[in-house]
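**Student:** Residues per chain, in single letters:
Number of protein chains: 2
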Amino acid sequence: MNLNIEESVFKQRVVNCARAMKREDQDVLLLTKPSNMYYLTGDGRLCAFVMISSDQQVAIGVPQTDVEDVTDLAYFDHINSFENEVGMIHSIAAFFKQFGISRGVVGLEHTFLTSSMMKMLTHPHAKPEAVKVEDCTDILSKLRTVKDPIEIQLMKKAGRVADIGMEAAVDSIKVGLTESQIAGEGEYAMRQAGAEGFWRSYVASGIRTRIAHGIPTNRKLKKGDIILIDLHPIVNNYSSDICRIACVGKPTAEQIKAYDAYLEALRKTISISVAGIGMVELEETLHGVIHNAGYGENIFGPPIHGIGINFEEAPLPPGHAFFHGEKAPPPLVENTTLAIGNCGIYTKQWGLRLEDTVVVGKKKPFVLTNYSHALI
Amino acid sequence: MNLNIEESVFKQRVVNCARAMKREDQDVLLLTKPSNMYYLTGDGRLCAFVMISSDQQVAIGVPQTDVEDVTDLAYFDHINSFENEVGMIHSIAAFFKQFGISRGVVGLEHTFLTSSMMKMLTHPHAKPEAVKVEDCTDILSKLRTVKDPIEIQLMKKAGRVADIGMEAAVDSIKVGLTESQIAGEGEYAMRQAGAEGFWRSYVASGIRTRIAHGIPTNRKLKKGDIILIDLHPIVNNYSSDICRIACVGKPTAEQIKAYDAYLEALRKTISISVAGIGMVELEETLHGVIHNAGYGENIFGPPIHGIGINFEEAPLPPGHAFFHGEKAPPPLVENTTLAIGNCGIYTKQWGLRLEDTVVVGKKKPFVLTNYSHALI
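Residue numbers (the working numbering), protein chains in the order written: chain A, 1 to 376; chain B, 1 to 376.
It is possible that part of the hints are untrue.
Claimed, not checked - Cross-link-like lysine-lysine pairs, in silico, DSS-like; alpha carbons within 25 Å at most:
{"id": "1", "chain 1": "B", "residue 1": "K157", "chain 2": "B", "residue 2": "K363"}
{"id": "2", "chain 1": "A", "residue 1": "K142", "chain 2": "B", "residue 2": "K119"}
{"id": "3", "chain 1": "B", "residue 1": "K156", "chain 2": "B", "residue 2": "K268"}
{"id": "4", "chain 1": "A", "residue 1": "K327", "chain 2": "B", "residue 2": "K119"}
{"id": "5", "chain 1": "B", "residue 1": "K362", "chain 2": "B", "residue 2": "K268"}
{"id": "6", "chain 1": "A", "residue 1": "K132", "chain 2": "B", "residue 2": "K132"}
{"id": "7", "chain 1": "B", "residue 1": "K142", "chain 2": "B", "residue 2": "K157"}
{"id": "8", "chain 1": "A", "residue 1": "K363", "chain 2": "A", "residue 2": "K142"}
{"id": "9", "chain 1": "A", "residue 1": "K348", "chain 2": "A", "residue 2": "K222"}
{"id": "10", "chain 1": "B", "residue 1": "K132", "chain 2": "A", "residue 2": "K119"}
{"id": "11", "chain 1": "B", "residue 1": "K222", "chain 2": "B", "residue 2": "K348"}
{"id": "12", "chain 1": "B", "residue 1": "K220", "chain 2": "A", "residue 2": "K157"}
{"id": "13", "chain 1": "A", "residue 1": "K220", "chain 2": "B", "residue 2": "K157"}
{"id": "14", "chain 1": "B", "residue 1": "K223", "chain 2": "B", "residue 2": "K348"}
{"id": "15", "chain 1": "A", "residue 1": "K157", "chain 2": "A", "residue 2": "K363"}
{"id": "16", "chain 1": "A", "residue 1": "K97", "chain 2": "A", "residue 2": "K22"}
{"id": "17", "chain 1": "B", "residue 1": "K142", "chain 2": "A", "residue 2": "K119"}
{"id": "18", "chain 1": "A", "residue 1": "K119", "chain 2": "B", "residue 2": "K119"}
{"id": "19", "chain 1": "A", "residue 1": "K132", "chain 2": "B", "residue 2": "K119"}
{"id": "20", "chain 1": "B", "residue 1": "K348", "chain 2": "B", "residue 2": "K174"}
{"id": "21", "chain 1": "A", "residue 1": "K156", "chain 2": "A", "residue 2": "K268"}
{"id": "22", "chain 1": "B", "residue 1": "K220", "chain 2": "A", "residue 2": "K156"}
{"id": "23", "chain 1": "A", "residue 1": "K220", "chain 2": "B", "residue 2": "K156"}
{"id": "24", "chain 1": "A", "residue 1": "K174", "chain 2": "A", "residue 2": "K223"}
{"id": "25", "chain 1": "B", "residue 1": "K327", "chain 2": "A", "residue 2": "K119"}
Calculated from the structure, these hints are not laboratory results.
Bound-form chain A, shown alone (with noise of 0.2 Å):
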């Protein structure tokens, strides 16, 4: 049984997944990325597999270990399991054949597998010779990005969650601390606050924000200092997105200038989050109130990016999108979830940006990360 979400929720995921495979002209899929297997039977784990047929058999192959945890977390029509990666590749054989599947298409997850696990999946002794290989990401990523109600209210509790790590996180500020050491109290707090676990922390401090991807350092804070602060819990399997700026001091002019127009095109971004806006509108209201204030040369990153169980995931932007083995989205549709923020204003001395976690609503936005966007 499944601990936060109904048995009719995963099986009407698998009617939906089975008949956008027909769609596809897929007959079976093979997973092995956590987050799709958990989304489509209740549990996603490292080192099993998931195959669903088009008429909507759920089979599940795991570690010898793991059979009654998975039994008691999952729903599935079939299990098998194995002693070690050759047992797995003849467990994926065994449903294969059960599924009576000797020709057709089977769809791998091209934007998860490396090259090695996917001769490893698609191994002669694992996979039907005359069974062609297609890439079902689209498939996946069209039934996840609009969540359903349960999703949203999961959504919120991470969103809460993340302000608790916000909060924590801002709150130890002080010249001398680490960079690795603020992130420890964000995440510490997430912990305590229900996460079960969080995607990798940003944390860059100084003139370590002009770069794309802060990932925490032993850098000391010193005064003068602005800190960046990007955090991203797992609550229930959902996850939140949220980044804020801090300083130690006072920010100069410039900063204000920069942060105060990043805060407007997040705020004004955000409040075009509604059912029917496409990706491309929303990037270009970000970008366009950036533009205006000076900084058009100093954005960097995709602006937005799609988040639910992976905190990111689709919808991307078109352009990112290609690039990320996606499809361009369509227009959005409500209850599609969003973390808006996700680019920012780079000089050669400091860079920053801000992060929401937003639900597209029918005719208004819902935030679920609320910590004060003061700079503080």
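Following the hints, complete the assembly by docking chain B onto the known chain A.
**Tutor:** Showing chain B alone in chain A's frame:
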């Protein structure tokens, strides 16, 4: 200037890499795995790439935001920057041209790149059409398996930080805390002690210890639980790996028996970790003791793996190496670093394992993780 390792060390690595490329008939490497980039240049980060030519030229491509930061940290001959994914592709093409490579072979990281990333890096606008793609995993694995003296120094520090994290996690244990909170205590202590980050933590308790990958949940500790804690700090870019078992209350006689067998297996395997030994012999030694104690049917998982910049890297036991896209390793050389004890004894009701980070010595092994092995 790299903070911990001299320029001459990186230069020598590039020389060794170029020599290996010639042996393997690879004319240029195109790397995006941060650990491989770090190993050869002194910097490895997301959204960047490194190209190494067989005549020892080093080129780096980075986001435009990161040029100065990378210039401060890395050693290279050429640097290029880009604004987005299209720019990254053009940047790769520019280096192919600069190196004068219009045919021959480019080595790519098949054990790291997803199919969609592979497609992007080999896009016709990036890679000259006549240049063939081969896997360069083994070249980098061979270079990185045996550690330089400075790497051993850095890993000693990572070992001490793992001990500190384990102590904090074990000391925090009490009825009612969640697995996630225990993980948080260990992670917090590691960041306080100098870790700039960590790989995923495992904390499993009670019946959840029976599964192979016990990622923390919000399960609360109960009296009588055993708790598996597995931590992996990153300190100055180098990792260590420690796993211990603790109890809330008293372990059962059966648990003590299995624990003692595992500890004996671990100690015996560590004791023979000297130059000239094979991974198979280490694996058989560890399995042998567990088997003789009557738990042969309860073993799951690769018992040993290499460790260094990544917490799991080459060498792997031959059977596992094959499925992970790595080659079977030759007899071990002095200063190879291993995490020993990665497999466990798993029953239907509980599981346990112990793990330490070990330097293969000329005549004696040197253990980097030294937190008590007592079952407490």
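**Student:** Decide, hint by hint, whether the structure agrees.
**Tutor:** Here's how the hints hold up against the structure:
{"no.": "1", "hint": "K157/B / K363/B", "result": "22 Å, holds"}
{"no.": "2", "hint": "K142/A / K119/B", "result": "22 Å, holds"}
{"no.": "3", "hint": "K156/B / K268/B", "result": "22 Å, holds"}
{"no.": "4", "hint": "K327/A / K119/B", "result": "15 Å, holds"}
{"no.": "5", "hint": "K362/B / K268/B", "result": "17 Å, holds"}
{"no.": "6", "hint": "K132/A / K132/B", "result": "24 Å, holds"}
{"no.": "7", "hint": "K142/B / K157/B", "result": "24 Å, holds"}
{"no.": "8", "hint": "K363/A / K142/A", "result": "22 Å, holds"}
{"no.": "9", "hint": "K348/A / K222/A", "result": "18 Å, holds"}
{"no.": "10", "hint": "K132/B / K119/A", "result": "18 Å, holds"}
{"no.": "11", "hint": "K222/B / K348/B", "result": "18 Å, holds"}
{"no.": "12", "hint": "K220/B / K157/A", "result": "19 Å, holds"}
{"no.": "13", "hint": "K220/A / K157/B", "result": "19 Å, holds"}
{"no.": "14", "hint": "K223/B / K348/B", "result": "19 Å, holds"}
{"no.": "15", "hint": "K157/A / K363/A", "result": "22 Å, holds"}
{"no.": "16", "hint": "K97/A / K22/A", "result": "20 Å, holds"}
{"no.": "17", "hint": "K142/B / K119/A", "result": "22 Å, holds"}
{"no.": "18", "hint": "K119/A / K119/B", "result": "16 Å, holds"}
{"no.": "19", "hint": "K132/A / K119/B", "result": "18 Å, holds"}
{"no.": "20", "hint": "K348/B / K174/B", "result": "24 Å, holds"}
{"no.": "21", "hint": "K156/A / K268/A", "result": "21 Å, holds"}
{"no.": "22", "hint": "K220/B / K156/A", "result": "23 Å, holds"}
{"no.": "23", "hint": "K220/A / K156/B", "result": "23 Å, holds"}
{"no.": "24", "hint": "K174/A / K223/A", "result": "9 Å, holds"}
{"no.": "25", "hint": "K327/B / K119/A", "result": "15 Å, holds"}
When held up to the earlier numbered hints, the structure conflicts with none and fits them all.
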